[in-house]
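Undergrad: Top to bottom, those sequences are chains A and B.
For the first sequence, the working numbering assigns the number 1 to the initial residue and increments by one for each residue that follows.
For the second sequence, the working numbering assigns the number 361 to the initial residue and increments by one for each residue that follows.
Hints are supplied without guarantee of correctness; some may be wrong.
[Said to hold, decoys possible] Distance condition first, Cα-Cα at most 25 Å in a straight line; then the derived DMTMM-like pairs of lysine to aspartate or glutamate:
#, chain 1, residue 1, chain 2, residue 2
1, B, 541, A, 344
2, B, 541, A, 106
3, B, 541, A, 53
4, A, 224, A, 258
5, A, 130, B, 523
6, B, 458, A, 14
7, A, 130, A, 94
8, B, 541, A, 74
9, A, 70, B, 492
10, B, 460, A, 14
11, A, 178, A, 151
12, B, 541, A, 94
13, A, 224, A, 344
14, A, 167, A, 311
[Stated by the list, open to error] Per label pair, the in silico range of CB-to-CB distance:
#, chain 1, residue 1, chain 2, residue 2, range
15, A, 13, B, 467, 43 to 51 Å
16, B, 618, A, 38, 20 to 28 Å
17, B, 371, A, 54, 38 to 46 Å
18, A, 178, B, 467, 35 to 43 Å
19, A, 133, B, 382, 39 to 47 Å
20, B, 386, A, 54, 52 to 60 Å
21, A, 178, B, 544, 52 to 60 Å
22, B, 544, A, 133, 21 to 29 Å
23, A, 178, B, 364, 55 to 63 Å
Derived by calculation from the structure, the hints in this document are not laboratory data.
Where is the CB? At the ideal position from N, CA and C, for every residue including glycine.
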Amino acid sequence: MKKVVCEHIVKRFEGVTAVNDFHLEIADKEFIVIVGPSGCGKSTSLRMIAGLEQQTSGDIYIGGQKVSDKPPRDRNIAMVFQNYALYPHMNVYDNMAFSLKLQGVDKKEIDRRVREAAEILNIAQYLERKPKELSGGQRQRVALGRAIVREPAVFLMDEPLSNLDAKLRVQMRTEIAKLHHRLGATTIYVTHDQIEAMTMADRIVVMKDGVIQQIADPQTIYDKPANRFVASFIGMPPMNFIDCRLEKREAGLWLVRETMAVALPAAWAERLSQRFGQQVVLGVRPENIIPADAGGPLAAKVEVVEPLGAETLLHVRLDGQSLVVKAGPDYQPDEGQTITLSFDMNKAHVFDHETGTTIV
Amino acid sequence: MKQKKHMDYLWYGLVLLVAIPFIFPLAWIVLASFKTQAQIVTTPPLWVFTPTLENYQSVFVDQQFGKFLWNSSVIAVGSTLLSLIIGLPAAYTISRYKQKVLGVFILLARLMPGIAYLIPWFILFTKLGMVDTYTALIASHMLVGLPFIVWIMVNYFDGLPHELVEAAQVDGCTLQSAFLKIVLPLSVPGILTASTLSFLFSWNNFMFSLVLSSDRTKTLPIAIYNFVSYAEVSWGSVMAAAVVIILPAIVLTMAFQRYVIKGLTAGAVKG
Ligand SMILES: Nc1ncnc2c1ncn2[C@@H]1O[C@H](COP(=O)(O)OP(=O)(O)OP(=O)(O)O)[C@@H](O)[C@H]1O
Ligand SMILES: [Mg+2]
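Chain A on its own, in the form it takes in the complex (with noise of 0.2 Å):
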């Protein structure tokens, strides 16, 4: 029983509401992901949980007991740290060693527990080092191992791989997943990094400006997203998005702007039967936008080709409207080329023009 339940939970700092209404059951083993932009609200809803933070209202079960008053060491949680937050003064072997200590777990356990530790994250060779003796992603491994020894309910991570370079990023991220199929704790990890995201979490949570947007599974968050905000954040490059007018027409529904029409699959009928001769937006991710020499049904000028090697991506201007593609590697049109285009529209989304919300 190691769920974790956040009720409801609202935070006000002076003037601001930093997290509003933040409702998440989380399963045992699951890992979990709070993504989102700067300031929206991330870290606090994880410090909340920590205990580091009081919340306004709500309250917070952890394992199914109510902590929401308890102080962060009563709630059975590790926490990693975007800067780490190793004791400068302690060696590696006593950073980890400190939780167990306070504890009063016996020596001989605290020496097995630390040195396993130790042995699974590869720093086994740098237990007599002080922090400042380490590498970036050495004290990474610490903290991680900070976090492990105590064998806690819950992890909580705060961009823990933020402050490290792209590639070494890349494989803590595997170790970390590894890390999490090996000890099966539930976790919750907060990234700003969309991939961090989308290759770590069981389940996604998107917020913005302190409101959750949606709770779900990545491929659910990619093919499904609740709105153009959650659109727009997961996916590179990211999804494009064209404001045009719905029209019913004999030959079923179209939208159309200026000087294109697309034709909307006759399925959409029902759900946008309110909203004909209304402004929406038509968002289509760029690997779902096809090119072709001839024959497409949309006219478009190549602006910018970017040849990534295993792809290559093409900003075009479509009626007034700059579109990212994606595009085969050896798809390589010229710089100021007229291409033809079509949408692949059972993947493209409709929006509301105002609020944003996913109409279909």
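For this one, chain A is given, so just place chain B with the ligands on it according to the hints.
TA: Then chain B with the ligands, alone, in the frame of chain A:
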């Protein structure tokens, strides 16, 4: 390379020039403390002579400087330790909960002319029958030491990453044990600075001791003052007494100079 060497000499020359006004009197005092009265008043001054310990003997045996040295030490160490015990948690709380206003008030207590406290204190301690006790002197000296310790340590604690304490709290500490196990060990340089300064303030303090001490608790500065006001001035003994009072200050400052200089500029630049 050569150019650089010249610059070095120039630099040392300059340093020497600035240092002479400070070092000369000191050297003169130390030398004089080993001379006889006749040797001291000779002009031109004697630089080479057979040293005598007579002055020190007179200071320690006839004038009982051992006792005053003990009094000064008890009061300086006592007021510093007590200031640390009260001041460190106070400073941490001010820093942690961002009570800057409170900090400024405490510093104000220090900036008020000490003499303003003297009369109320004298009356208070007289009524309590505590004039000429260590307690009264330690308490009065803390008026200087405590605000200094709080002020320096608030700045020092502000510079410590707050995440360390949070990590400790998650690891199982209360705020108090995190303070003892994480904050204090990391603050040793700051604590040394603050303690040294507090110690020196007390050691050099004249006014409070003059009013609040008497035969039993007389401190070194008062003893020397009384010494000078004797009818016939024995310069050699005065110099020996001066050496006794200066020496600990110099030794302490030398030992902790690295930290003390940092402490004196604490708050000037957020490090
Ligand atoms: N102690 C505080 N006092 C006042 N406002 C705060 C405090 N801590 C956070 N906030 C505000 O709460 C909001 C959420 O902050 P939070 O640190 O949770 O964001 P975040 O999602 O972690 O951002 P980042 O990705 O930059 O770390 C921000 O607008 C921030 O300014
Ligand atoms: Mg944050």
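Undergrad: Evaluate each hint against the coordinates.
TA: Verification of the hints:
| no. | hint | verdict |
| --- | --- | --- |
| 1 | B:541 - A:344 | violated (61 Å) |
| 2 | B:541 - A:106 | holds (19 Å) |
| 3 | B:541 - A:53 | holds (22 Å) |
| 4 | A:224 - A:258 | violated (28 Å) |
| 5 | A:130 - B:523 | holds (18 Å) |
| 6 | B:458 - A:14 | holds (15 Å) |
| 7 | A:130 - A:94 | holds (9 Å) |
| 8 | B:541 - A:74 | holds (18 Å) |
| 9 | A:70 - B:492 | violated (51 Å) |
| 10 | B:460 - A:14 | holds (18 Å) |
| 11 | A:178 - A:151 | holds (16 Å) |
| 12 | B:541 - A:94 | holds (12 Å) |
| 13 | A:224 - A:344 | holds (15 Å) |
| 14 | A:167 - A:311 | holds (20 Å) |
| 15 | A:13 - B:467: 43 to 51 Å | violated (28 Å) |
| 16 | B:618 - A:38: 20 to 28 Å | violated (40 Å) |
| 17 | B:371 - A:54: 38 to 46 Å | violated (57 Å) |
| 18 | A:178 - B:467: 35 to 43 Å | violated (54 Å) |
| 19 | A:133 - B:382: 39 to 47 Å | holds (41 Å) |
| 20 | B:386 - A:54: 52 to 60 Å | holds (58 Å) |
| 21 | A:178 - B:544: 52 to 60 Å | violated (38 Å) |
| 22 | B:544 - A:133: 21 to 29 Å | holds (23 Å) |
| 23 | A:178 - B:364: 55 to 63 Å | holds (56 Å) |
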